[in-house]
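Starting from the given sequences, assemble the full structure and let the hints guide the process.
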Amino acid sequence: MNWKQVLLVLKREYITRVRSKGFIWATILVPVGFVAFFGVMVFVTVWESDVRFEIGIKDETGAIVQPLIELNPARYLDHSALETDSLRTMVQQDAITGFIVIDEENIADDKNLELIYSGSGGMQLLTSIRSDIREVIRQERLRRAEVPQEIQNIYETSISLDSRRLTRAGEETDDDTVFLSIVGMILGIIIFAAIFSYGGYVTRGVIEEKTNRIVEVITSSVKPIELLTGKMAGVGALAITQFGIWIITFFGLTTIAGPVATMLMDQQTAGLGPEAEAAQAELPMLLDLPSLELNLIIYFVIFFILGYLLYSSLFAAIGAASDSDTDVQQLMLPIGSPIFIAYIIMFHTWQSPDSLLSVISSMVPFFSPILMVTRIAITEVPFWQISLSIILIFLTFAGTMWLSAKIYKVGILNYGSTASYKDLLRWVRQS
Amino acid sequence: MISIQVKNLSKSFGKTKAVNDVSFDVYKGRIFGLLGPNGAGKTTTIRMINHIIPQDTGEIIINGLQVGPRTQKMIGYMPEERGLYKKMKVGEQLMYLAQLKGLNKTDAKKKIVYWLRRFDAYDWHSKVVGELSKGMSQKIQFIATIVHDPDIYIFDEPFSGLDPINSELLKQIIIELRQNGKTILFSTHRMEQVEQMCDDICLFNNGKVVITGNLRKIKKDFGKNTVLIEFDGDPGFLDELDDVRINNRSTNFAEIRILNGLDHQTILKKAMDKTEINKFQLVEPSLNEIFISTVGEDNIKNKEALLS
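From first to last, the protein sequence lines are chains A and B.
One gets our numbering by counting positions in the first sequence from 1 and adding 9 to each.
One gets our numbering by counting positions in the second sequence from 1 and adding 12 to each.
No lab work stands behind these hints, which were simulated from the structure alone.
None of these values were measured; they are calculated from a predicted model.
Cβ coordinates follow ideal geometry from the N, Cα and C atoms, glycine included.
Misleading hints may appear alongside valid ones.
Said to hold, decoys possible - Residues from chain A that keep clear of chain B, each with C-beta distances beyond 12 Å, as calculated:
(1) Q14
(2) S95
(3) D184
(4) K219
(5) P233
(6) T258
(7) P268
(8) L342
(9) G345
(10) H357
(11) T405
(12) G425
Unchecked claim - DSS-like mimics (lysine-lysine), calculated; alpha carbons at most 30 Å apart, straight line:
(13) K139/B - K13/A
(14) K232/A - K236/B
(15) K121/B - K30/A
(16) K20/A - K117/B
(17) K232/A - K281/B
(18) K431/A - K101/B
(19) K232/A - K282/B
(20) K220/B - K415/A
(21) K232/A - K85/B
(22) K40/B - K19/B
(23) K98/B - K30/A
(24) K99/B - K415/A
(25) K431/A - K139/B
(26) K20/A - K98/B
(27) K30/A - K19/B
(28) K220/B - K13/A
(29) K98/B - K232/A
(30) K415/A - K98/B
(31) K123/B - K20/A
(32) K123/B - K98/B
(33) K139/B - K232/A
(34) K122/B - K13/A
Below is the structure:
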């Protein structure tokens, strides 16, 4: 392999791409899109549904309905005076969502309650009604049993769990598991998306050279493997540039965000009362998100690069085997699936990063670029696991590169038809 | 001196033998024509000479070196499927291609400017190739092929798809290169192009060499046994001739190849009985005729394409 040629190819790939409008726009728009995406996600989670579900309560005991209304005045209505039949009619006419009849047996014995309703509201509604009713009935039972106040208090206790991490070095730190879990998931999603988009660049680049018919001119000067290596490295350099810009921007913004916000607060609260000052005291806490460890960023970059190499070698082979952009889809399936599987497993890993499934699949080369990063973010991953997965990716990459180079060599000169899997097998054997 | 020496070259794709024990020599400073119908193995041979695909067996020696990355730089190659990067600027593209052929930046720049000026194309220097007309990008393609000033030039089906102006331009380039002592190899399935330009030829059929050598000598060896006849009147007499092959026939013209030593005077007599003769000439056979009589009419692959 002549590295001078590889470098020339790399330079062309990099420079023509980095100057393109597409790259500049993507560099600006992707972070904006990402923020918007998470904004929407937060919004959806936090947003209390505006739709009101009104549940009529026909309370024959007279003890339950008031506490229920106190619990959620917008939801529960006292319809104790109405007959069951007229409540039914109201449900049918959509005047109320549903109704519950409560009698003595529900309190004294363990008889189940029955909600008659139109079916709207879904799981969330059922769950919340169930918990409301349980709580109110328990209260009522405690009251009837004339349980002393202390014991009633015991029932109301709800101890929360704070956690602190103790490192091997004996350092005790605040536990940021929740925050880090989110970070882990975000990093996993970023790698997932990056593999697809930069891999797509490689595929399209190969197809472009085929459809432009320039490839034969190029291969009369450059070995296919040099062309392939240069192309993958060029797009890789592009990826690193783009991520570099994003990471620097991210850190830049988070560093100045705190001071700027405090400054704004200062201006607003100047001369205001003690209440505003109290609010000001809370603000830095909000901004003082746990910082990302340098380690995590380094591992992210390493696994990102390895994942890119592993997959882009295969993406290049897809390009060489296809005859046009539209033909890529059918060949994409076997290579896209492992990324998707990794993506799905990630949602499990996110919740239990140390489960057997998480540990094993984070060391499967085709999964580890996504899963290992997620695990490293969330939990303490033993160093041997990280090193082993890196070694395994390297070995697999050597294999995929070998395979891809063979397919590429034949495929780039194969005009006019998209190769079948049988063709690919033949190409690998013949070259 | 031999520029390209091909010895017992073979290449198979699966079960098809695309090139089968092919040998020929291309001499320095001459124009060599690789001829044969489509699918005869010309492009595969050319790709092996350019070290784009490896041979199965046999040897290719270029200027004394085994074919490889070093010999690639001695060759300027224009493939049959021509193309350029559509989104790249003309100047940058030529620079890239020249650098891949081993030129340094300064030399490449001088050459690019020279050739762009020469073809009245200097104004396109900063244009994106996709914006150029077909004729313009063909000119850029020529420059891309010759910019690194190699010793050997290989053109695969160079005249197919060229407009008449560029076709003429390319002929001039080829003749000029020959005058400067360069070696040119081109392939074609159009025999008449070869007759005008080539010094030496190699005829291909079904992956094998049919004849190779000096064009004049090959023709001479075949002897003056072809009759060109122009006449007015009923061409029916042509059908009465035995032991001949009529290649190029129209209402008042025919090219007749005499087989088995038939006396050409017999043809003249028969023609005079039926028609008025305007021209009667005994000539060397055309390449087409040589090809057909060597291979045998039934053994030609893609015959229609050849005769078109």
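Hint-by-hint comparison with the structure:
| no. | hint | in the structure |
| --- | --- | --- |
| 1 | Q14 | 6 Å, violated |
| 2 | S95 | 74 Å, holds |
| 3 | D184 | 51 Å, holds |
| 4 | K219 | 9 Å, violated |
| 5 | P233 | 9 Å, violated |
| 6 | T258 | 28 Å, holds |
| 7 | P268 | 44 Å, holds |
| 8 | L342 | 26 Å, holds |
| 9 | G345 | 27 Å, holds |
| 10 | H357 | 43 Å, holds |
| 11 | T405 | 27 Å, holds |
| 12 | G425 | 10 Å, violated |
| 13 | K139/B - K13/A | 27 Å, holds |
| 14 | K232/A - K236/B | 49 Å, violated |
| 15 | K121/B - K30/A | 27 Å, holds |
| 16 | K20/A - K117/B | 14 Å, holds |
| 17 | K232/A - K281/B | 64 Å, violated |
| 18 | K431/A - K101/B | 39 Å, violated |
| 19 | K232/A - K282/B | 63 Å, violated |
| 20 | K220/B - K415/A | 28 Å, holds |
| 21 | K232/A - K85/B | 12 Å, holds |
| 22 | K40/B - K19/B | 17 Å, holds |
| 23 | K98/B - K30/A | 16 Å, holds |
| 24 | K99/B - K415/A | 28 Å, holds |
| 25 | K431/A - K139/B | 42 Å, violated |
| 26 | K20/A - K98/B | 17 Å, holds |
| 27 | K30/A - K19/B | 51 Å, violated |
| 28 | K220/B - K13/A | 38 Å, violated |
| 29 | K98/B - K232/A | 22 Å, holds |
| 30 | K415/A - K98/B | 27 Å, holds |
| 31 | K123/B - K20/A | 21 Å, holds |
| 32 | K123/B - K98/B | 22 Å, holds |
| 33 | K139/B - K232/A | 29 Å, holds |
| 34 | K122/B - K13/A | 21 Å, holds |
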